[in-house]
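Visitor: Between the sequences and the hints, there should be enough to build the whole structure, so can you do that?
Residue strings, one per chain:
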Amino acid sequence: MESPTPSSPSSNTPPLTRRVPRWPDRAFFGLVIAFAFVVLLLAIAIVTILAYNSQLSFRQFGWSFFYSSTWNANGEVFGALPFVVGTLLTSAIALVIAIPLALGSAIFITTQSPRWLRSPLGTAIELLAAVPSVIYGFWGLYVVHPYMATTVEPALKTYLGWTGAFGGPATGIDFLTASVILAVMIVPTISAVSRDTLAAVPAAQKEAALSLGATDWETTRVAMVPYARSGIVGGIILGLGRAVGETMAVTMTIGNRDAIPTSLLSHGQTIASLIAVELENNNGPLQISAILECGLVLLLISLSVNIVARLLVWRIAKVGGGTAE
Amino acid sequence: MKFDRLARRKLLSHTITVLAGLTVVAVLYPLVDLVYTAFVHGGTVLFQWTFLTSRNPTPCSAVSCQTVGIGNSIEGTVAIVGLAALISIPIGVMAAIFASEYRTRGLGRAVSFTADVLTGVPSIIMGAFIYGYLVIVNPNLVVTALSGSLALAAIMIPIVARTTEEALRVVPNATREAAIALGISKWKMTMRIVFISALPGVVTGVLLAVMRAAGEAAPLLILTGGSTLWFSGYDRPASALPYLIYQYALSSSTNWQQVAWGATLFLLIAILIVNVLSRYMIQRLSSKMSGGA
Chain A
1 MESPTPSSPS SNTPPLTRRV PRWPDRAFFG LVIAFAFVVL LLAIAIVTIL AYNSQLSFRQ
61 FGWSFFYSST WNANGEVFGA LPFVVGTLLT SAIALVIAIP LALGSAIFIT TQSPRWLRSP
121 LGTAIELLAA VPSVIYGFWG LYVVHPYMAT TVEPALKTYL GWTGAFGGPA TGIDFLTASV
181 ILAVMIVPTI SAVSRDTLAA VPAAQKEAAL SLGATDWETT RVAMVPYARS GIVGGIILGL
241 GRAVGETMAV TMTIGNRDAI PTSLLSHGQT IASLIAVELE NNNGPLQISA ILECGLVLLL
301 ISLSVNIVAR LLVWRIAKVG GGTAE
Chain B
326 MKFDRLARRK LLSHTITVLA GLTVVAVLYP LVDLVYTAFV HGGTVLFQWT FLTSRNPTPC
386 SAVSCQTVGI GNSIEGTVAI VGLAALISIP IGVMAAIFAS EYRTRGLGRA VSFTADVLTG
446 VPSIIMGAFI YGYLVIVNPN LVVTALSGSL ALAAIMIPIV ARTTEEALRV VPNATREAAI
506 ALGISKWKMT MRIVFISALP GVVTGVLLAV MRAAGEAAPL LILTGGSTLW FSGYDRPASA
566 LPYLIYQYAL SSSTNWQQVA WGATLFLLIA ILIVNVLSRY MIQRLSSKMS GGA
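Chains A and B, in that order, are what the protein sequence lines are.
Just so you know, we're using the working numbering here: the first sequence kicks off at 1 and counts up by one.
Just so you know, we're using the working numbering here: the second sequence kicks off at 326 and counts up by one.
Do not take every clue at face value.
[Claimed, not checked] Computed footprint of chain B on chain A, listed as stretches where at least three residues anywhere in the stretch have a Cβ under 8 Å from a Cβ of chain B:
hint	segment
1	152 to 159
2	184 to 191
[As the list claims (entries may be wrong)] Covered by chain A, according to a simulated footprint, are these stretches of chain B (three or more residues, beta-carbon under 8 Å):
hint	segment
3	376 to 388
4	395 to 406
[Unchecked claim] Restraint ranges, calculated between C-beta atoms of paired labels, are given here:
hint	chain 1	residue 1	chain 2	residue 2	range
5	A	ALA199	B	SER389	56 to 66 Å
6	A	THR151	B	GLN391	45 to 55 Å
7	B	GLY558	A	ALA45	38 to 48 Å
8	A	ALA34	B	SER389	29 to 39 Å
9	B	THR500	A	TRP314	17 to 27 Å
10	A	ASN72	B	ASN465	22 to 32 Å
11	A	GLU280	B	GLN373	17 to 27 Å
12	A	ALA92	B	PRO525	39 to 49 Å
13	B	GLY407	A	LEU212	54 to 64 Å
14	B	ARG609	A	ALA124	16 to 26 Å
Note that these hints are calculated values from the structure, not bench results.
Computed from a predicted model, the values in this text were never measured in an experiment.
Here a beta-carbon is modelled for each residue, glycine too, at the ideal position from N, C-alpha and C.
Guide: See below:
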């Protein structure tokens, strides 16, 4: 006879499961996990599509593709070496220029600058990272290129010509100019990460050094930089990752010549600029396949660089979080 | 003797401070010079109203040449980036919700690591990936506005996912626990409480991703190409600001170069304003959040 009416005291509180149906939760979970899989699929698809398209070229040239330096569209002979060398060379020079500037600015902002100036300086440096690559290229063409051609490169030829690295005419459209612009573009990345990790050094660490009578620089060198080291290295590798794939600015200032460089002042090509300039429909299928195989090489280079950098930065984030608690 | 050494150490420290200060100047000099150069060459062009509303000119180098506008390129950029945003925002936001709110599962961590690594994939590779895909599926679609949108969407998805995840993580766990304790279901808690509190952060992240895509020239160079006409559908080539800058910067006709400078200044101003505003918003939000908690 007892019927569950709202007024009866025994069923005043029905079980929670009946009031809150489970299916919307399950549906929502299904929805978000589906979109999460899209992100994973995107990563897999990028590798697969590039690999699939490189088949034609790989069957034709095999492994010799990676160490052959001939790139001849008319003869349909393709080798990736000039572009791999070009990519590594521009990135290396850019790092050599960018590292001291980025570390110097990060150290100044975290340890020396007045407090009110810190955040504006940091923002200004991060704005450098927001400027589109093509605008750096345009600026490089109009401002950096003539300056390099008339001032920097003749001077380098005069004083460092004996090294043999600065042979050939000083045109200002070459590896050196492209690397200088790359350096400007990767400084904000390295500087921002270094700044964050330096700022995360515990105050006790600094105070200990200062209390022993260390000067500002000694505190930085002994107490802060070693503590932040792997974060700084992570930042440098992230900068390298950006340099390796930068396209527009390099394409506009490197000279686009498909050959191994003989000097820092010679025209050249990176993998990224090769793809930008030569991936066109009216090229033959073999050339397109070869270009996409170069793209696969660039993808693998930048993926490995990025994974190493993320792991380093993530480790720091974990260590930093641990000490903060 | 001992005093001398201290003096020397202090001198070294001060010298390094000065050198480090100089590196800050050296790092910021390009930004100043860039903006200055863009104003000098593009200022007079940009500040004629017709520049923003009329179509690209035909190439011409005489003094009497007309410098008409970038109206069709702005329209094309809005169309291409708009579609890319429509594709990438739902995917990025939902994936971020999964990565942040279902983090206990290993898959959540895998998603956020993948998004993290994908942000480092060069934009030209995203372009080459879409190119390779369309060549297999339908080669007629390669040189269209659609292909550019797809590539920009691939660039934006990881950025949106990462910034959204960061915004969600800032929401204190106590908020989630309080909601659950009151008997709300998980999806309502996630969407109506956690996501809404994170919304300002999500919006600024999305804005930054949109501006990044709007300045991206590399994928458009190999895919969409350019056009001097008004936008006429996603199945046709279209004009876009970054590609216009590339193409016109390298051209020898003086009026095209002038248009390129005007477009550069326009894009630069838009990007810098959005960046400064969103950074300011993020700072204010995070101080509010940490102040409240």
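Visitor: Taking the hints in turn, state whether each one holds.
Guide: Verification of the supplied hints:
Only residues whose C-beta sits within less than 8 Å of a C-beta in chain B count toward coverage, and the segment 152 to 159 of chain A has 0 of them, not enough to reach three; the restraint is violated. Three residues within the 8 Å Cβ limit are the bar, and the segment 184 to 191 of chain A against chain B gives 4, so the coverage statement holds. Counting residues of the segment 376 to 388 of chain B whose beta carbon lies closer than 8 Å to any beta carbon of chain A gives 0, which falls below the threshold of three, so the coverage claim is violated. Look at the segment 395 to 406 of chain B against chain A: 0 of its residues bring a Cβ nearer than 8 Å to a Cβ of that chain, fewer than three, so the hint is violated.
A:ALA199 and B:SER389 have their C-beta atoms about 57 Å apart, which keeps the hinted 56 to 66 Å range intact. Between A:THR151 and B:GLN391 the Cβ separation comes to about 36 Å, which falls outside the hinted range of 45 to 55 Å. Separated by about 26 Å at the C-beta atoms, B:GLY558 and A:ALA45 break the suggested range of 38 to 48 Å. Distance hint for A:ALA34 and B:SER389: a CB-CB separation of about 60 Å, inconsistent with the stated range 29 to 39 Å.
For the pair B:THR500 and A:TRP314, the supplied restraint of 17 to 27 Å holds, since their beta-carbon distance comes to about 25 Å. Here the CB-CB span from A:ASN72 to B:ASN465 is close to 29 Å, well matched to the stated 22 to 32 Å. At roughly 35 Å, the beta-carbon separation of A:GLU280 and B:GLN373 lies outside the given 17 to 27 Å, and the hint is violated. Range check, A:ALA92 to B:PRO525: Cβ separation about 41 Å, and the 39 to 49 Å hint holds.
The given range of 54 to 64 Å is respected by B:GLY407 and A:LEU212, whose C-beta atoms sit roughly 59 Å from each other. At about 18 Å, the beta-carbon gap between B:ARG609 and A:ALA124 stays in the expected band of 16 to 26 Å.
Hints 1, 3, 4, 6, 7, 8, 11 from the list above are not met by this structure, while the remaining hints are.
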